[in-house]
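If you want the building blocks of each chain, they are given just below.
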Amino acid sequence: MPSLNDYLLVSGLLFSIGLAGVVLRRNIIVVFMCLELMLSAANLTLVAFSRFNTVDSLPDYDGQMLVFFVITVAAAEVAVGLAIIVALYRARQTIHTDELMTLKG
Amino acid sequence: MPSYLFWLFATIMLIGACAVIAFRNPVSSALAMVTSFVGLAALFIGLSAFFVGIIQILVYSGAIMVLFLFIIMLLDLKDEKKRASNGAPLFAGLALVVVFFIQLIGVLGNKLPHQSAPELNHETLATAAARFPAEGKIAISLNDGRLPDVHLIGHTLFTEYNLPLQILGVLLLVATIGVVVLSKKSVGSDASVQSDASKS
Numbered sequence: 001m002p003s004l005n006d007y008l009l010v011s012g013l014l015f016s017i018g019l020a021g022v023v024l025r026r027n028i029i030v031v032f033m034c035l036e037l038m039l040s041a042a043n044l045t046l047v048a049f050s051r052f053n054t055v056d057s058l059p060d061y062d063g064q065m066l067v068f069f070v071i072t073v074a075a076a077e078v079a080v081g082l083a084i085i086v087a088l089y090r091a092r093q094t095i096h097t098d099e100l101m102t103l104k105g
Numbered sequence: 001m002p003s004y005l006f007w008l009f010a011t012i013m014l015i016g017a018c019a020v021i022a023f024r025n026p027v028s029s030a031l032a033m034v035t036s037f038v039g040l041a042a043l044f045i046g047l048s049a050f051f052v053g054i055i056q057i058l059v060y061s062g063a064i065m066v067l068f069l070f071i072i073m074l075l076d077l078k079d080e081k082k083r084a085s086n087g088a089p090l091f092a093g094l095a096l097v098v099v100f101f102i103q104l105i106g107v108l109g110n111k112l113p114h115q116s117a118p119e120l121n122h123e124t125l126a127t128a129a130a131r132f133p134a135e136g137k138i139a140i141s142l143n144d145g146r147l148p149d150v151h152l153i154g155h156t157l158f159t160e161y162n163l164p165l166q167i168l169g170v171l172l173l174v175a176t177i178g179v180v181v182l183s184k185k186s187v188g189s190d191a192s193v194q195s196d197a198s199k200s
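Residue numbers (this note's numbering), protein chains in the order written: chain D, 1 to 105; chain W, 1 to 200.
Treat the hints loosely; a few may be bogus.
[What the hints assert, rightly or not] Beta-carbon label-pair distances, calculated as ranges: (1) MET1/D with ALA63/W: 44 to 54 Å; (2) SER183/W with ASN53/D: 40 to 50 Å; (3) LEU69/W with GLN93/D: 18 to 28 Å; (4) VAL150/W with THR54/D: 38 to 48 Å; (5) THR159/W with THR97/D: 22 to 32 Å.
[To be verified] Here are the simulated lysine to any residue pairs, SDA-like style, with alpha carbons at most 20 Å apart: (6) LYS185/W with ASP56/D; (7) LYS184/W with ARG90/D; (8) LYS184/W with ASP56/D; (9) LYS184/W with PHE101/W; (10) LYS137/W with ASP56/D; (11) LYS137/W with ILE105/W; (12) LYS137/W with HIS122/W.
No wet-lab data here; the hints were simulated from the structure.
All C-beta atoms in this analysis are idealised placements derived from N, C-alpha and C, irrespective of residue type, glycine included.
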């Protein structure tokens with residue numbers, strides 16, 4: 001049986017990979033996917049804590065409620081974000097972050 | 001969940017995540033993200049969070065992946081070019097990740113006891129059944145030794161978390177309207193802005 005440490009380690013690795021993708025990649029859509037990976041890593045942590053912290057010998061459902069809300073808000077965020085990306089592409093004909101430097105000093 | 005299944009699905013998930021940032025073609029990245037999320041859903045189900053595992057597959061692998069692919073094909077993106085040899089962002093990113101990972105190992109190394117999850121067997125579930133109405137579906141399933149995950153989540157969602165649920169509905173409505181407003185053709189909005197400007 002895997003312990004809580006294993007779940008936290010795997011979730012931390014997933015978060016690190018997502019963070020690396022956000023910092024390294026230039027395509028905004030891929031950056032968005034990496035944000036989703038980071039949110040999912042947080043979800044894995046929450047579900048693991050919910051399973052390992054039983055309340056009255058049932059898993060702690062408060063944690064899974066938070067996961068439910070996170071997934072829903074993430075779905076809404078992806079919809080709005082992709083709409084922003086489409087608007088950006090219409091205005092600039094690019095979605096590469098190093099070609100969007102209007103605010104660069 | 002047996003240990004070998006945990007490591008199998010964790011490896012699938014992590015390889016998928018690495019593939020997301022390794023592929024140059026965004027379509028490949030989207031499909032790698034789905035692989036990663038299927039592994040993650042398997043981990044959720046292994047943690048007896050069946051409902052969360054199912055909605056992970058339905059929402060991410062179904063809805064969000066289709067949305068990503070739709071936008072990628074709508075924008076007709078080319079593969080990302082090899083970027084000019086600029087080492088500073090690469091170094092900064094890797095250093096950030098390494099520092100984060102070292103912190104993680106430091107936290108996990110000595111604080112938490114290595115114990116497996118509490119048992120969810122016939123006896124423990126039957127003791128939990130006393131909290132629920134005896135003739136309800138939840139108590140019947142618990143007395144049978146099954147975990148009625150969806151019923152318990154629904155019960156929690158509509159009692160303790162009813163207000164957040166309603167607020168979430170408003171959020172989804174606002175997001176829908178926002179997406180429609182954002183993705184309207186900019187010609188119309190420009191015209192309205194110009195007409196406003198000409199009036200004033």
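**Study point:** Pair hint LYS137/W and HIS122/W, alpha-carbon separation not exceeding 20 Å
**Key:** 16 Å, holds
Point to revise | Pair hint outcome, LYS184/W versus PHE101/W [Cα-Cα no greater than 20 Å] | key: 43 Å, violated
Review point. Are the Cα positions of LYS184/W and ASP56/D separated by 20 Å at most?
Key: This hinted pair is violated, its Cα atoms lying about 52 Å apart.
Point to revise | Distance restraint evaluation - SER183/W, ASN53/D, Cβ atoms, bounds 40 to 50 Å | key: 42 Å, holds
Point to revise | Restraint check for LYS137/W with ASP56/D, where alpha carbons must lie at most 20 Å apart | key: Holds, at roughly 18 Å.
**Study point:** Pair hint LYS184/W and ARG90/D, alpha-carbon separation not exceeding 20 Å
**Key:** With a Cα-Cα distance of about 11 Å, the restraint between LYS184/W and ARG90/D holds, given a limit of 20 Å.
Practice item. Return holds or violated for the Cβ distance of THR159/W and THR97/D against the range 22 to 32 Å. Key: 45 Å, violated
Check your understanding: Would the pair LYS185/W and ASP56/D pass a check requiring their Cα atoms to be no farther apart than 20 Å?
Key -> Cα-Cα ~55 Å, so violated.
Point to revise | Outcome of range test on Cβ distance (MET1/D, ALA63/W; 44 to 54 Å) | key: 33 Å, violated
Check your understanding: Does the Cβ-Cβ separation between LEU69/W and GLN93/D fall within 18 to 28 Å?
Key -> 21 Å, holds
Check your understanding: Does the structure keep LYS137/W and ILE105/W at a Cα separation of 20 Å or less?
Key -> Violated: LYS137/W and ILE105/W sit about 43 Å apart, past 20 Å.
Point to revise | THR54/D and VAL150/W - C-beta distance against the hinted 38 to 48 Å | key: The hint (38 to 48 Å, Cβ to Cβ) is violated, given that VAL150/W and THR54/D are roughly 18 Å apart.
In the structure shown, a violation is registered for the earlier hints numbered 1, 4, 5, 6, 8, 9, 11, in ascending order.
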